[in-house]
Amino acid sequence: MGNVVVDVMLKSEILDPQGQAVAFALPRLGFHQFTDVRQGKRFVLTVEGEVTDEVLAAAREAAETMLSNPVIEDVVSVRAESPPDSTSAESQA
Amino acid sequence: MRIGVVTFPGSLDDHDARRAVRIAGGEPVTLWHGDDSLLDVDAVVLPGGFSYGDYLRAGAIARFAPVMSALIPAAKGGLPVLGICNGFQILCESHLLPGAMIQNDHRTFICRDQRLRVENATTAWTSDFMPGEEITIVLKNQDGQYVADEATLDELEGEGRVTFRYVVEEGGHNPNGSYRDIAGITNRRGNVVGLMPHPEHSVEAGYGPSLDGLTFFTSVLKSVVNA
Chain A
0 MGNVVVDVML
10 KSEILDPQGQ
20 AVAFALPRLG
30 FHQFTDVRQG
40 KRFVLTVEGE
50 VTDEVLAAAR
60 EAAETMLSNP
70 VIEDVVSVRA
80 ESPPDSTSAE
90 SQA
Chain C
0 MRIGVVTFPG
10 SLDDHDARRA
20 VRIAGGEPVT
30 LWHGDDSLLD
40 VDAVVLPGGF
50 SYGDYLRAGA
60 IARFAPVMSA
70 LIPAAKGGLP
80 VLGICNGFQI
90 LCESHLLPGA
100 MIQNDHRTFI
110 CRDQRLRVEN
120 ATTAWTSDFM
130 PGEEITIVLK
140 NQDGQYVADE
150 ATLDELEGEG
160 RVTFRYVVEE
170 GGHNPNGSYR
180 DIAGITNRRG
190 NVVGLMPHPE
200 HSVEAGYGPS
210 LDGLTFFTSV
220 LKSVVNA
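Protein chains in written order, with numbering that gives the first Met the number 0: chain A, 0 to 92; chain C, 0 to 226.
Chain A on its own, in the form it takes in the complex (with noise of 0.2 Å):
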């Protein structure tokens, strides 16, 4: 099983009221160190057997067409996450 790792945020010209909303309320907990705060969406996307080349393709044509809208958005990063090895799975399970 592996996993297909998109990141999409708003374009830097967009407004993003979620992030400025954190922002605003960053001060309040005395975080006065960060002068902006942008926020974007992850995406993880599980297919059976291994990340292939087709995997990731295809994984690029879904962030394009529907995971962002190319108006407001952009695709950051479309990339294979490595699987967990073997001992830490049987870890978890």
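Keep in mind the hints are simulated off the structure, nothing from the lab. Virtual Cβ for every residue (Gly too), placed ideally from N, Cα, C. There's no promise every hint is true.
Unchecked claim - Okay, derived cross-link-like pairs now, EDC-like style, lysine to aspartate or glutamate, Cα gap no bigger than 20 Å in a straight line: (1) A:Lys10 to C:Asp104; (2) A:Lys10 to C:Glu149; (3) A:Lys10 to C:Asp148.
Claimed, not checked - Every beta carbon over 10 Å from chain A, so not counted as near; a handful from chain C, in silico: (4) Gly33; (5) Asp153; (6) Tyr206.
With chain A's structure known, arrange chain C on it following the hints.
Here is chain C on its own, set in the frame of chain A:
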């Protein structure tokens, strides 16, 4: 005159839209998101609500519903289509209209009677208005901020495709941060119109702030007859 109203999972205003069609003198036809047929209707309304929960982005999943595979080519072929609120978002996600809708700049849901100026009274859905006429209908949304890049905004204005603008007092702000106070736009052909406020709630005396919404539906009934 048969006017279809699509019901998606999460549509809220499909009943009101069908009622508005009936009051205007048309025959409302229920269309289902899972069917890939438009049942030979003469025009289509995409109603307000939160289709598919508005997960991912408002209108993003509805854009891929089976009914849209029939609607998108029909709209490109000239079928009159009106997208109201969530329907406007679906039209943008479908690229039938340019730009996109994001969260209101003040981050809160808004619900109020809203004054609009009719900027283009030549579309299939606005031909019964006078150019420059001011109307008042209900505005209620969370993701109502219309955004597009400067080139697209200039093109919309240059081609007279800004159909409705929020009436903003001097020094004031429009209700959701929409670029250039845009409340509604149309495609080049003028058959596809999307707007954020809700004409279908202002069609009967005693309900809503006016009867201005009725004019959208009488406009399209005439344009279908003349087509």
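Here is what the structure says about each hint:
A threshold of 20 Å between alpha carbons decides the hint, and for A:Lys10 with C:Asp104 the separation of about 15 Å falls inside it, so the pair holds. As the CA atoms of A:Lys10 and C:Glu149 are separated by approximately 14 Å, the hinted pair is consistent with the 20 Å bound. Taking the CA atoms of A:Lys10 and C:Asp148, the gap is near 11 Å; set against the 20 Å cutoff, the hint holds. At roughly 18 Å, the least C-beta separation between C:Gly33 and chain A is larger than 10 Å, which holds for a residue marked as non-interface.
With 10 Å as the threshold on Cβ separation, the claim that C:Asp153 sits away from chain A holds: the shortest Cβ distance comes to roughly 15 Å. Non-interface status of C:Tyr206 relative to chain A is upheld: no Cβ of that chain comes within 10 Å, the nearest being about 32 Å off.
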